[in-house]
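*Asks:* If you want the building blocks of each chain, they are given just below.
There are 2 protein chains.
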Amino acid sequence: MENVIYIVGIGPGEEAYLTGQAKKVLEDCDVIVGYTVYVDLVKAFLPQKEYMATGMTREIERCRLCFSLATSGKKVALVCSGDAGVYGMASPMYEMLSEYEGVELEVVAGITAANSGAAVLGAPLNHDYCVISLSDLLTPWESIEKRLQAAVMGDFAIALYNPSSRRRFDYLKRACDILLANGADRSRACGFVENIGRKGMKATVCSLGELREKEVDMFTTVYIGNSESFIYKDKLITKRGYK
Amino acid sequence: MENVIYIVGIGPGEEAYLTGQAKKVLEDCDVIVGYTVYVDLVKAFLPQKEYMATGMTREIERCRLCFSLATSGKKVALVCSGDAGVYGMASPMYEMLSEYEGVELEVVAGITAANSGAAVLGAPLNHDYCVISLSDLLTPWESIEKRLQAAVMGDFAIALYNPSSRRRFDYLKRACDILLANGADRSRACGFVENIGRKGMKATVCSLGELREKEVDMFTTVYIGNSESFIYKDKLITKRGYK
Chain E
-19 MENVIYIVGI
-9 GPGEEAYLTG
1 QAKKVLEDCD
11 VIVGYTVYVD
21 LVKAFLPQKE
31 YMATGMTREI
41 ERCRLCFSLA
51 TSGKKVALVC
61 SGDAGVYGMA
71 SPMYEMLSEY
81 EGVELEVVAG
91 ITAANSGAAV
101 LGAPLNHDYC
111 VISLSDLLTP
121 WESIEKRLQA
131 AVMGDFAIAL
141 YNPSSRRRFD
151 YLKRACDILL
161 ANGADRSRAC
171 GFVENIGRKG
181 MKATVCSLGE
191 LREKEVDMFT
201 TVYIGNSESF
211 IYKDKLITKR
221 GYK
Chain S
-19 MENVIYIVGI
-9 GPGEEAYLTG
1 QAKKVLEDCD
11 VIVGYTVYVD
21 LVKAFLPQKE
31 YMATGMTREI
41 ERCRLCFSLA
51 TSGKKVALVC
61 SGDAGVYGMA
71 SPMYEMLSEY
81 EGVELEVVAG
91 ITAANSGAAV
101 LGAPLNHDYC
111 VISLSDLLTP
121 WESIEKRLQA
131 AVMGDFAIAL
141 YNPSSRRRFD
151 YLKRACDILL
161 ANGADRSRAC
171 GFVENIGRKG
181 MKATVCSLGE
191 LREKEVDMFT
201 TVYIGNSESF
211 IYKDKLITKR
221 GYK
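The listed protein sequences derive, respectively, from chains E and S. The first sequence begins at -19 in my numbering and counts up one residue at a time. The second sequence begins at -19 in my numbering and counts up one residue at a time.
Please note that the accuracy of each hint is not assured.
Pairs count within a copy or across copies, as identical chains cannot be separated in the list.
Here are the simulated SDA-like cross-link-like pairs (lysine to any residue), alpha carbons at most 20 Å apart as the crow flies [to be verified]:
| no. | residue 1 | residue 2 |
| --- | --- | --- |
| 1 | Lys126 | Leu160 |
| 2 | Lys126 | Asp165 |
| 3 | Lys179 | Asp20 |
| 4 | Lys213 | Asn(-17) |
| 5 | Lys23 | Gly0 |
| 6 | Lys55 | Arg154 |
| 7 | Lys213 | Tyr151 |
| 8 | Lys194 | Phe149 |
| 9 | Lys3 | Glu30 |
| 10 | Lys126 | Ala161 |
Derived by calculation from the structure, the hints in this document are not laboratory data. Keep in mind it's a predicted model, so treat the numbers as computed, not measured.
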């Protein structure tokens, strides 16, 4: 019999945002593994489980821990915030899978920040859209720049992950400048959501010109509308195209 | 007091894929409105509610029905498959909102097909990605073509919605040809999932050259990897970039 490791997206963090499937997998597993912050989110509503947490940048170690537990017969759930397949642990787990005999993986989808934040802002991604991370820890900045250019060229609505950090404090400004230099208007409708689905949640709408001057933190998801998006009161709306 | 209309994403359709939040909103509302097929999916697990269904292409009528019910004091939930803010009813509802005094909207996020299908295929969207609909009912084909070109140029992983229909039987082939003409290799790793989370679910991996020859129906979500995506056994994996 194969041992299955479940790679579970928990959404923004609170119990209400998990799917029934994700909840059941977490309840049924022997041990829940994850980044410290996500493990604490799950502990809040499932206190009676066995947990193993590893710190930031310990992703590969965390994956190997899951395989090691599964090989020893444990039923493991690896938790990720949002969706496990969006900048999450699904792909590193699959990249290692060939090294471990008799283990299978199953990804349990969750609501990724692009979509949970979009619900708060109204409907910013209601047509073709791109999801781009501004973190250059694992991606060369040239690739990020190329994707921002392509996103404007294709007139996509855009969700930006990891718009900032202590080390990358000016990355959102750099990203806005690339969009502006490639044809997006300063008046382009934009917005951002801080602490989606958590304490301190806050949504803001603004123009691209204004966005360029904003300071946001790493717990923020940023939205750039396409050329037809508009702001209505405190909402950012990208048209579907109905007449 | 404002009347709130909840615009609820139900995910792929079965009860297990709803969030707790979506489930609670549906249980608490007076009437559930939606496209016939989605209403039937919800009826299967919430049979005791009042439902009002309208047919395909009746989207605007459906929205006005919700506002009319809300104005008369009913607590309304408008259901959409997947996420209500991804090719869903969130934006047409916001576009009409200014016509109705005393009504508020709240979008309840669900898991969109890009992400629920990705979980089945492994990890095809585990880096920057685009979501593109091939339906030209509401979007000029030139815009779709421009977005496909931009998606290859930016080396995004891609999820394609509405890849086919009776009238648009050759659109997936046309899309593949645009990707090939703009620099994607015939060997590019791809895949598709039919009937995500429903009876008859089936996942297939293939090359872009092979995808071009496939016949898929409208209940299929198609994935094109980026230039570094790969197939391992029956899974499609887009690398996150860990060394």
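*Asks:* It remains to establish, for every hint, whether it holds in the given structure.
*Replies:* Consistency of the hints with the structure:
1. Lys126 <-> Leu160: So lysine 126 and leucine 160 pass the 20 Å test inside a copy (14 Å) and across (19 Å) alike.
2. Lys126 <-> Asp165: both (18 Å within a copy, 19 Å between copies)
3. Lys179 <-> Asp20: For lysine 179 and aspartate 20, only the intra-copy Cα distance (14 Å) is at most 20 Å; the inter-copy one is 36 Å.
4. Lys213 <-> Asn(-17): between (51 Å within a copy, 17 Å between copies)
5. Lys23 <-> Gly0: Both, since 17 Å and 17 Å are each at most 20 Å.
6. Lys55 <-> Arg154: neither (44 Å within a copy, 45 Å between copies)
7. Lys213 <-> Tyr151: For lysine 213 and tyrosine 151, neither the intra-copy (28 Å) nor the inter-copy (38 Å) Cα distance is at most 20 Å.
8. Lys194 <-> Phe149: within (11 Å within a copy, 46 Å between copies)
9. Lys3 <-> Glu30: within (15 Å within a copy, 28 Å between copies)
10. Lys126 <-> Ala161: The answer is both: 12 Å in one copy and 19 Å across copies each meet 20 Å.
When held up to the earlier numbered hints, the structure conflicts with 6 and 7 and fits the remainder.
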